[in-house]
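Colleague: Assemble the complex: chain A is given as a structure, and chains B and C must be docked to it using the hints.
Here is what each chain is made of, one letter per residue.
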Amino acid sequence: MVEQIVQHAMEVHGEAWTIKELFVLPNEYIYWSIQIVMYPFMTGLVAGAFVLSSLYHVFGVEKLKEIARFSLVFSFALLPVAMMPLLLHLQQPFRGINVMMTPHFTSAIAAFGFVFSTYGCIVATELWLVYRKHFVVTALELKAQKNRGMVDSLRLMIFTGLTLGAWDISHEAIEKDHKACKIMAAIGIPVACFLHGYAGFIFGSVKANALWMTPLMPVIFICSAVVSGVALCILCYVIVQEFRKIMAKRKISRWAKDADAPTVEELEGAKHMEVMMASNYLLYFMIAALTLEILDLIFRGYTQVKSWDILREVIMERDFFKIFILQYAIGNVLPFLMMALPGRTVRRTTIATVLVLFGVFMMRYNVVIGGQAFSLSFAGFMDYHLPIIPHNLETYKEGLFGALTVAATPFVLFYFINKFLPAFLKEESTH
Amino acid sequence: MKSHVWRPLYVVIAFIVGILVFRFFYVPNDFGSGKRGFMYSYHRKSNEAEWKKQPAKYGVTGKERMHEYCSACHSAVVKVRNEKYHGVIPCEDCHGPALNHPEAPEKLGIDRSRELCLRCHTSLPYTTSERKRIPGIDPKTHNAGEQCVLCHNPHNPRLEDMK
Amino acid sequence: MERRDFLKKCVMVVVGASVPLSALTFVDPKKVLAANPDIQWAFLVDTNKCVGCGFCVKACKVENDIPLDANVTRTWVERYVYTKDDRRYVDSPKGALNGYTESRIDLGKGEFKEIDPKNVGKAFFVPKLCNHCSTPPCTQVCPVGATYKTDDGVVLVDRSWCIGCGYCIMACPYAARFFHPVLHVADKCTFCYHRLSKGLDSACVNACPFGARRMGNIHDINDPITQIIMNERVGVLKDEFGTKPQAFYIGLAQEVR
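Each protein sequence line maps, in turn, to chains A, B and C. Remember, this note's numbering sits 5 above the position in the first sequence when you count from 1. Remember, this note's numbering sits 6 above the position in the second sequence when you count from 1. The third sequence: position 257 = 244 (this note's numbering), numbered continuously.
Just so you know, these hints were derived from the structure itself, not from any lab. Predicted model, so just to flag it, every value in this text is computed and none were measured. Where is the CB? At the ideal position from N, CA and C, for every residue including glycine. It is possible that part of the hints are untrue.
Among chain A residues calculated to face chain C with C-beta under 8 Å, some are [as the list claims (entries may be wrong)]:
#1 V17
#2 K25
#3 L95
#4 P108
#5 H109
#6 N423
List time: in silico DSS-like cross-link candidates among lysine-lysine, alpha-carbon distance up to 27 Å [claimed, not checked]:
#7 K185/C / K51/B
#8 K225/C / K212/A
#9 K85/B / K36/C
#10 K90/B / K36/C
#11 K424/A / K184/A
#12 K109/C / K90/B
#13 K311/A / K231/C
#14 K105/C / K146/B
#15 K187/A / K138/A
#16 K185/C / K58/B
#17 K41/B / K231/C
So that you can see chain A by itself, here it is in the shape it has in the complex:
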């Protein structure tokens, strides 16, 4: 069936992955597909990662110190990726700049450019404040070197630029950084929540869509954003610490050869403490997110407005497996029990975070795709078939590989950013 449609002479956007059933209006397709599932998922990770780092910077939760710095850098790596799915999904990606040029502020999307840039500036500033000492120290070290190769000269230039001409690393100056950083993190929390809350608003304010339209949507999105962000940070933190353990054991990396490099035991101890602490916060936010989602569902079922007949068929029958088994059972209840039951270990928590990430992704999927699974006529259904093998640019962008590209990018970026903003610095170089 799908293949037949693809070979059609004049393919319309959405036709390649939409299968219509019963009465669907002629212009209706699943216009917002996998990239729009990725978009709130990725922004959610950004916002969540930032909130986790702020817990340390603002509220001084000392136990989160190490994971906080890591999640700040990671949130910076995720930042460009929050924009990527949007650009990939645009039919005219080269005109994307218009959103900044002629913003139409009655549209929820118009705020994107500004909230996103503001947020980017805040994260960058906070990073600069945290890493300024590191920049200065590294630049001075490089300057002191007698014979600099090409690479070191380039590094010197970059680090000198990164200091922005602020070379003072006296105790008072660093204290000032510390204070400013706290303020930036405090401003950052509402902005991060806004960045993601308004992503929920984009969906919640579409009055034409019976499933999306609910004032709870922004709040649900914020809660699940924090859940996914914290989960990803724990997961990545554990993975990176495992690598560092291996490296520390075999002394294969440059830092591992240093005299004051952390030992395997130190790493293991730090990991255990951080993960336990962060997973407590994960649990709190999971309860909030789940409560709101269930409330929304109960309310729809109880009030039974005009759209309920078709929504019930979508939620309870057609998407039952995706919503109740994949999203709620495997993505919410199971990891919740894994973390809440006594005798929690790092390994159990790590597996739980993977499930949580999957659950949040399925929630985004069920909202975005599920909202387009029924016709505006309330008399027909649309089935989404994710394009796997791309036939052309569009089926790549809006297919499995497009989504994987988006999912892989933050890790690639993190690798490069980590070269300049090392997420695991020893105490002396940062505050």
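Modeller: This is chains B and C only, laid out in the frame that chain A set:
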């Protein structure tokens, strides 16, 4: 403002100024709101003229005016039509858009296909619809595959007038 | 304060308060403008007259350069068939580009349903198009100002400014919008704005042999369609969305959404 912690702010300000300068050259200067206010009519004003400029393909409008226009050359055919029957159908529905006919194109492509007639004359059992007033046939049994115009005069399909 | 001063002030307050409130209200330029007999285009569909020939759909696609074989359309015709055992069937194969030449109902997924002619209760056709709402949600949500309502009431898309995000398509409760298969920007009915400005009827109105589609200036009290909208019972589609549609329908049924 002496403190070094303000330096990122200068970078941000430089960025904003850069964007504003770019915007000045990028955005057409007729961008603005119309009578409906910012919410419903924020747009590039010259776009309205662009839409108005599009060429029309179908010719004069209204049955009378169209028949008047067409009968300048095709008066014999126009006279044959019967208001009760196919006289209600605009000429261009079957003959295609006039464009700049008779200059360009000199000849219009006529749709003589069976499918064209079947749009109205397929028998559908819808007694409450206006469709019931139109004589209908079963396309599968009524001279299947033949062009209708072989027997019926499309300009006046009344069988009595055909002879 | 002396008694005389006090009385004086009292009188002033009473006199001041008795100035009619209406004299102090500001004149709203928008209201004045709306009262003027300027042009406000509106559409009138008489579903009783439609036979489902689909000439309107074809004419629209030809006039506005929407590829004929593309499965999107600016205007379309729906078929509603009710059986005597209270089942409802609706379809619109290819938006009725080629009319309804078969009695079986298209159920999608390549399946069809033949209904026993004896079992058919009421059946009718409903032409649909953009409603050119007074408060269009599509223009409200455009992030870049690429779609807008003109002063004479037509909702247009700026094809050189649209970024193709699809938010307007999502926001339209009538599914009147789609992505143009060649230009890759949002596209929709323009009421044939280019024809209106040349004094012509829109292509669909022009092509309809039965007068099921009509257009007029709803701000002109003498316009025939204004007269019908004022004097007869007309309805609009999905008014619960508060979009204030400007396409009016004669002979709507509850199931027509």
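Colleague: Each of the hints needs a verdict: does it hold here or not?
Modeller: A quick look at each hint next to the structure:
Residue-level restraint check for V17/A holds (minimum Cβ-Cβ distance to chain C is 5 Å; threshold 8 Å). Evaluation of the K25/A hint against chain C yields a held restraint, the C-beta minimum of about 4 Å falling below 8 Å. A cut of 8 Å between beta carbons decides the hint on L95/A: the least distance to chain C is about 5 Å, and the hint holds. Because the beta carbon of P108/A sits about 7 Å from the nearest beta carbon in chain C, less than 8 Å, this interface hint is met.
A least Cβ separation of about 4 Å between H109/A and chain C falls short of the 8 Å threshold, and the interface hint therefore holds. With a cut of 8 Å, the hint placing N423/A at the interface with chain C is violated, because the nearest CB-to-CB distance is about 33 Å. Of the supplied pair hints, the one linking K185/C and K51/B holds, its CA atoms being roughly 19 Å apart against a limit of 27 Å. Restraint check for K225/C and K212/A: satisfied, since their Cα atoms lie roughly 12 Å apart, inside the 27 Å limit.
Straight-line distance between C-alpha atoms of K85/B and K36/C comes to about 26 Å, which keeps the hinted pair within the 27 Å bound. With a CA separation close to 15 Å, the supplied pair K90/B and K36/C stays within the 27 Å bound. Restraint check: the Cα-Cα separation between K424/A and K184/A comes to about 26 Å, which is no more than 27 Å; the hinted pair holds. Proposed proximity of K109/C and K90/B is supported: the alpha carbons are some 26 Å apart, at most 27 Å.
As the CA atoms of K311/A and K231/C are separated by approximately 20 Å, the hinted pair is consistent with the 27 Å bound. Simply put, K105/C and K146/B have alpha-carbon atoms about 20 Å apart, close enough for the 27 Å limit, and the pair holds. With a C-alpha separation of about 16 Å, the suggested pair K187/A and K138/A falls inside the 27 Å cut-off, and the hint holds. The hinted pair formed by K185/C and K58/B meets the criterion: a straight-line CA distance of about 8 Å does not exceed 27 Å.
With a C-alpha separation of about 17 Å, the suggested pair K41/B and K231/C falls inside the 27 Å cut-off, and the hint holds.
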